[in-house]
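Novice: Listed below are the residues making up each chain.
There are 4 protein chains.
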Amino acid sequence: MSDSDEPVRAEEKTTGRVEAFSDGVFAIAITLLILDLRAPIAPPGTVPGAAQQILLHQLAAMWPNVVAYLMSFAVILVMWVNHHRIFTVVRRTDHAFLFWNGLLLMLVCIVPFPTELLAKYFLTPAAKVAAAVYAGHGLLIAIAFTIVWRYATRSDRLLVPGRKAEVTKLTEQYRFGPLMYLVAFALAFVSAWASIGLCLLFAIFFSLQGFTQRGQG
Amino acid sequence: MSDSDEPVRAEEKTTGRVEAFSDGVFAIAITLLILDLRAPIAPPGTVPGAAQQILLHQLAAMWPNVVAYLMSFAVILVMWVNHHRIFTVVRRTDHAFLFWNGLLLMLVCIVPFPTELLAKYFLTPAAKVAAAVYAGHGLLIAIAFTIVWRYATRSDRLLVPGRKAEVTKLTEQYRFGPLMYLVAFALAFVSAWASIGLCLLFAIFFSLQGFTQRGQG
Amino acid sequence: MSDSDEPVRAEEKTTGRVEAFSDGVFAIAITLLILDLRAPIAPPGTVPGAAQQILLHQLAAMWPNVVAYLMSFAVILVMWVNHHRIFTVVRRTDHAFLFWNGLLLMLVCIVPFPTELLAKYFLTPAAKVAAAVYAGHGLLIAIAFTIVWRYATRSDRLLVPGRKAEVTKLTEQYRFGPLMYLVAFALAFVSAWASIGLCLLFAIFFSLQGFTQRGQG
Amino acid sequence: MSDSDEPVRAEEKTTGRVEAFSDGVFAIAITLLILDLRAPIAPPGTVPGAAQQILLHQLAAMWPNVVAYLMSFAVILVMWVNHHRIFTVVRRTDHAFLFWNGLLLMLVCIVPFPTELLAKYFLTPAAKVAAAVYAGHGLLIAIAFTIVWRYATRSDRLLVPGRKAEVTKLTEQYRFGPLMYLVAFALAFVSAWASIGLCLLFAIFFSLQGFTQRGQG
Numbered sequence: 504m505s506d507s508d509e510p511v512r513a514e515e516k517t518t519g520r521v522e523a524f525s526d527g528v529f530a531i532a533i534t535l536l537i538l539d540l541r542a543p544i545a546p547p548g549t550v551p552g553a554a555q556q557i558l559l560h561q562l563a564a565m566w567p568n569v570v571a572y573l574m575s576f577a578v579i580l581v582m583w584v585n586h587h588r589i590f591t592v593v594r595r596t597d598h599a600f601l602f603w604n605g606l607l608l609m610l611v612c613i614v615p616f617p618t619e620l621l622a623k624y625f626l627t628p629a630a631k632v633a634a635a636v637y638a639g640h641g642l643l644i645a646i647a648f649t650i651v652w653r654y655a656t657r658s659d660r661l662l663v664p665g666r667k668a669e670v671t672k673l674t675e676q677y678r679f680g681p682l683m684y685l686v687a688f689a690l691a692f693v694s695a696w697a698s699i700g701l702c703l704l705f706a707i708f709f710s711l712q713g714f715t716q717r718g719q720g
Numbered sequence: 504m505s506d507s508d509e510p511v512r513a514e515e516k517t518t519g520r521v522e523a524f525s526d527g528v529f530a531i532a533i534t535l536l537i538l539d540l541r542a543p544i545a546p547p548g549t550v551p552g553a554a555q556q557i558l559l560h561q562l563a564a565m566w567p568n569v570v571a572y573l574m575s576f577a578v579i580l581v582m583w584v585n586h587h588r589i590f591t592v593v594r595r596t597d598h599a600f601l602f603w604n605g606l607l608l609m610l611v612c613i614v615p616f617p618t619e620l621l622a623k624y625f626l627t628p629a630a631k632v633a634a635a636v637y638a639g640h641g642l643l644i645a646i647a648f649t650i651v652w653r654y655a656t657r658s659d660r661l662l663v664p665g666r667k668a669e670v671t672k673l674t675e676q677y678r679f680g681p682l683m684y685l686v687a688f689a690l691a692f693v694s695a696w697a698s699i700g701l702c703l704l705f706a707i708f709f710s711l712q713g714f715t716q717r718g719q720g
Numbered sequence: 504m505s506d507s508d509e510p511v512r513a514e515e516k517t518t519g520r521v522e523a524f525s526d527g528v529f530a531i532a533i534t535l536l537i538l539d540l541r542a543p544i545a546p547p548g549t550v551p552g553a554a555q556q557i558l559l560h561q562l563a564a565m566w567p568n569v570v571a572y573l574m575s576f577a578v579i580l581v582m583w584v585n586h587h588r589i590f591t592v593v594r595r596t597d598h599a600f601l602f603w604n605g606l607l608l609m610l611v612c613i614v615p616f617p618t619e620l621l622a623k624y625f626l627t628p629a630a631k632v633a634a635a636v637y638a639g640h641g642l643l644i645a646i647a648f649t650i651v652w653r654y655a656t657r658s659d660r661l662l663v664p665g666r667k668a669e670v671t672k673l674t675e676q677y678r679f680g681p682l683m684y685l686v687a688f689a690l691a692f693v694s695a696w697a698s699i700g701l702c703l704l705f706a707i708f709f710s711l712q713g714f715t716q717r718g719q720g
Numbered sequence: 504m505s506d507s508d509e510p511v512r513a514e515e516k517t518t519g520r521v522e523a524f525s526d527g528v529f530a531i532a533i534t535l536l537i538l539d540l541r542a543p544i545a546p547p548g549t550v551p552g553a554a555q556q557i558l559l560h561q562l563a564a565m566w567p568n569v570v571a572y573l574m575s576f577a578v579i580l581v582m583w584v585n586h587h588r589i590f591t592v593v594r595r596t597d598h599a600f601l602f603w604n605g606l607l608l609m610l611v612c613i614v615p616f617p618t619e620l621l622a623k624y625f626l627t628p629a630a631k632v633a634a635a636v637y638a639g640h641g642l643l644i645a646i647a648f649t650i651v652w653r654y655a656t657r658s659d660r661l662l663v664p665g666r667k668a669e670v671t672k673l674t675e676q677y678r679f680g681p682l683m684y685l686v687a688f689a690l691a692f693v694s695a696w697a698s699i700g701l702c703l704l705f706a707i708f709f710s711l712q713g714f715t716q717r718g719q720g
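Chains as they are written, first to last, in the working numbering: chain A, 504 to 720; chain B, 504 to 720; chain C, 504 to 720; chain D, 504 to 720.
Check before you lean on any hint, since a few could be wrong.
Since the list gives no way to pick one copy over another, a pair counts as held whenever it fits inside one copy or between any two copies.
In silico SDA-like cross-links for lysine to any residue, where the CA-CA straight-line distance does not exceed 20 Å [what the hints assert, rightly or not]:
1) Lys672 - Ala564
2) Lys672 - Gly639
3) Lys672 - Arg657
4) Lys672 - Asp597
5) Lys667 - Arg653
6) Lys672 - Val569
Worth flagging that the hints you see were computed from the coordinates, not collected in a lab.
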């Protein structure tokens, strides 16, 4: 976006706005499935005991929506934390970076869809299709994260100086991401349980990365 | 997220982004129930007097949606103000803090659901179920606020220096939160009115805390 | 929120977050009615001429939704610009200010509802009801703006120093707001056209205020 | 918004808030069509093979929604990047600028609507109507971008000093925007394919502008 002889102020402003826009998109993506948690419309009834039973059953029947919301929120939170970590070492952006970041955001916003699909079909005979869509989407996200990170670290131009150790660690972390999700995607054709179990393990793996970092701080 | 020998600039940037992301999520949560305030579709009619009566009745029938919106907005506003107060004394975050804050946001976004449930069922024989869900969710939020606050204040590492008095006051405020909502939850099995009355008292209590603070400024 | 001996940095941070949260809420409110602009589902047909006619008619029938979106966007934009102007002279907030600002935001988010009501009923025999709801809501917004402004200017504690001229001008502008909308509300019981015409005049009046200011810059 | 003898701090704050508000609106607009990607409700079935086939067919039938989301996201991303570029050379705003920027945002939020229309009608006999609406809306956006840019560059008052080269380049870029989309709009009455093909070429053209800039950095 800017010549290398730009003053420091302009650089910070640029990064700030990419992050603000990304935060807005993440905030919308992470809350999307809450739109499905609506108060059920129960026949009012006149006997308290029976009316309570009906409402409880209707609330219990909402479990796929609740699971989808919690899982989608947790997974997108892990992605946001990782996006946040990337930007702690990125001090400026350029034109192409804005588009690679945009590609990542485009995929992040889709997360609620395969998650809802999974919640609704995981216990049905069509579970493998839902698992393949879920793991396949995870693969696309892993590739997008890798591209954003590789582009940011191609040279020192976009990076905060003096953070080599953290950059190396993140590079290692992202190295195997696409391969991991490729395995989960292939597994979906064999077993939905194995594929999704692996995806959840990966999410835990990526959420734990920041802790090892802090331990060395 | 950051070594303790980080320069000041990087720390502020980190906190800023957590707050911006949280603000985005709060803004979505607080406006969620406005989606239910839609213009009713009245049969047009030809006589002005009758057409006006029909529209007025349809508007009046929307009261549970209006009450749910106002109550949800007010309660989430109190939560946002408290979140805001916490961050006035937090100067930096670490990896775990991002997740505890995320857990809190996940629960905040759910607020419109039990509120809508309450507005629709409080005057029905199933009121106790709605009250138990509402107070139970309040309990989870109180626990999450307590965790976020306890984690931030475990050591001085994440805190703005020289704000001891305010930190102590907030610690006292959050100490009894979970217990208070546990009582309200238990009461729901006895009386929906008592349980929800207590929840509203707590919301007023938490919204008043900031005033006592200002009085000492 | 903060003792008067707080360093400057903390004050700015506080104002920044209130504005960021307000901006998020304004952004949601201003885009709300775009959710009603959906592609119509036309019978595909096989003859191009007929299929095009059908689609054109369906698009034309969406005019109340288009008018409601444009009007709601324009009116909330004027409110955002005024909110923005207030915060150019407010340098810090306190606990009560957060709640008065929250009350204003709560009312701003409702704007799409009376606007949609107006677009759908203004040309029907129930026009007066829609106009009364619209002007009545405008009255509430005018009162909330007045309260926020009065509270901010009660003393110099919350204000940016050295902006007396601008503060005085804004005080004059807000002085007659509630009275103006009270007249529009009363007029709704006589004539929907007169009431809404007056409301639009007021919106233009409030959007022009900033220009007179600039002329003196 | 501010006298020319304002201190630097106040100016930056003003620009920051316009950008934050714009980012919020862009974030909502860019994610709007994701609301249409919902898990299909398939008859569960009992035979895995058949259940999987049904779900796959239902997912495949969602292609117009997927195309509309991807296309709308990509086009609004290009607009955001251009909005971002404009603000890298704008250091302050005034009252009229806020409204011109608001007009642009109002049109950006509409983008999902003609895009969805196009995805649903491009392969039907009513394609020309959808293409005309799409290109016509593109024309309005191009005009709004031109107005915002012309207004910002009328004098040096709103611009960051010392960025003449970039300002000249952006002026050249925006010069032919409205004319280009006018051609695409006229073409829609002849051929939907030619019109939309041209619109996509323009989007690519505007997304490539930033690269030529970087090449000279």
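Novice: Each hint: holds or not?
Specialist: How the hints compare with the structure:
no.	hint	in the structure
1	Lys672 - Ala564	neither (44 Å within a copy, 43 Å between copies)
2	Lys672 - Gly639	neither (26 Å within a copy, 42 Å between copies)
3	Lys672 - Arg657	within (15 Å within a copy, 27 Å between copies)
4	Lys672 - Asp597	between (23 Å within a copy, 17 Å between copies)
5	Lys667 - Arg653	within (14 Å within a copy, 33 Å between copies)
6	Lys672 - Val569	neither (35 Å within a copy, 36 Å between copies)
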